[in-house]
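Below are the chains, spelled out letter by letter.
Number of protein chains: 2
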Amino acid sequence: MAHYRIEIRVTPRPGILDPQGKAIHHSLQNLGWTAVDDVRVGKAIHVEMEAESEESARSEAEAMCRKLLANPVTEDFEVYQVEEA
Amino acid sequence: MAHYRIEIRVTPRPGILDPQGKAIHHSLQNLGWTAVDDVRVGKAIHVEMEAESEESARSEAEAMCRKLLANPVTEDFEVYQVEEA
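Just so you know, the sequences run in chain order A and B. If you use this note's numbering, the first sequence corresponds to residues 1 to 85, in order. If you use this note's numbering, the second sequence corresponds to residues 1 to 85, in order.
Treat the hints with care, as some may be off.
What the hints assert, rightly or not - Mimicking DSSO-like on lysine-lysine, the simulated pairs with C-alpha atoms at most 30 Å apart in a straight line are: (1) A:Lys67 with A:Lys43; (2) B:Lys22 with A:Lys22; (3) B:Lys67 with A:Lys67; (4) A:Lys22 with B:Lys43; (5) A:Lys67 with B:Lys43; (6) A:Lys67 with B:Lys22; (7) B:Lys43 with B:Lys22; (8) A:Lys22 with A:Lys67; (9) B:Lys67 with B:Lys43; (10) B:Lys67 with A:Lys22; (11) A:Lys22 with A:Lys43; (12) B:Lys22 with B:Lys67; (13) A:Lys43 with B:Lys67; (14) B:Lys43 with A:Lys43.
The hints are simulated quantities; they were obtained by calculation from the structure and are not laboratory data. Since we're looking at a predicted model, the values are computed, not measured.
Next comes chain A alone, as it looks inside the complex (with noise of 0.2 Å):
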């Protein structure tokens, strides 16, 4: 068993309203950063577990996802960081 750091993106799907999106845009626009076209706002999950293998530690966040972490109606999911700590 090794010990793993995983980091999970959960972000609301294409067409769905996100309204912390909208309003942080409103705000940069409001600052001056004009050239700013679109932000959408999710979670940044960090999970720290214990594992066979990275290949095992990434199945297993990527159930947590499908399970608890992410709507699976609203919200895509990305585990995209798996690394050995």
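Mind docking chain B on chain A? Use the hints.
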């Protein structure tokens, strides 16, 4: 000018209470994921903008974090991906 997609992570600083992370950790344990040691939850922010170069897009994104996206007392930020799109 080119178009860039930027991924930013804003997370609670070590030592700062993270009730959402604690709640998810607890739920994962209840679902049988007893190998999980720690969960931290932050914001995943996706920004699309026009910029002169990748370096300039990155430095603008870091300025947004310092000025608006992250609370410097309680949160850390990382601009972990900048790609031309």
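Here's how the hints hold up against the structure:
no. : hint                 : result
1   : A:Lys67 with A:Lys43 : 16 Å, holds
2   : B:Lys22 with A:Lys22 : 28 Å, holds
3   : B:Lys67 with A:Lys67 : 36 Å, violated
4   : A:Lys22 with B:Lys43 : 15 Å, holds
5   : A:Lys67 with B:Lys43 : 20 Å, holds
6   : A:Lys67 with B:Lys22 : 17 Å, holds
7   : B:Lys43 with B:Lys22 : 16 Å, holds
8   : A:Lys22 with A:Lys67 : 28 Å, holds
9   : B:Lys67 with B:Lys43 : 16 Å, holds
10  : B:Lys67 with A:Lys22 : 17 Å, holds
11  : A:Lys22 with A:Lys43 : 16 Å, holds
12  : B:Lys22 with B:Lys67 : 28 Å, holds
13  : A:Lys43 with B:Lys67 : 20 Å, holds
14  : B:Lys43 with A:Lys43 : 5 Å, holds
Violated hint for the displayed structure: number 3, the only one.
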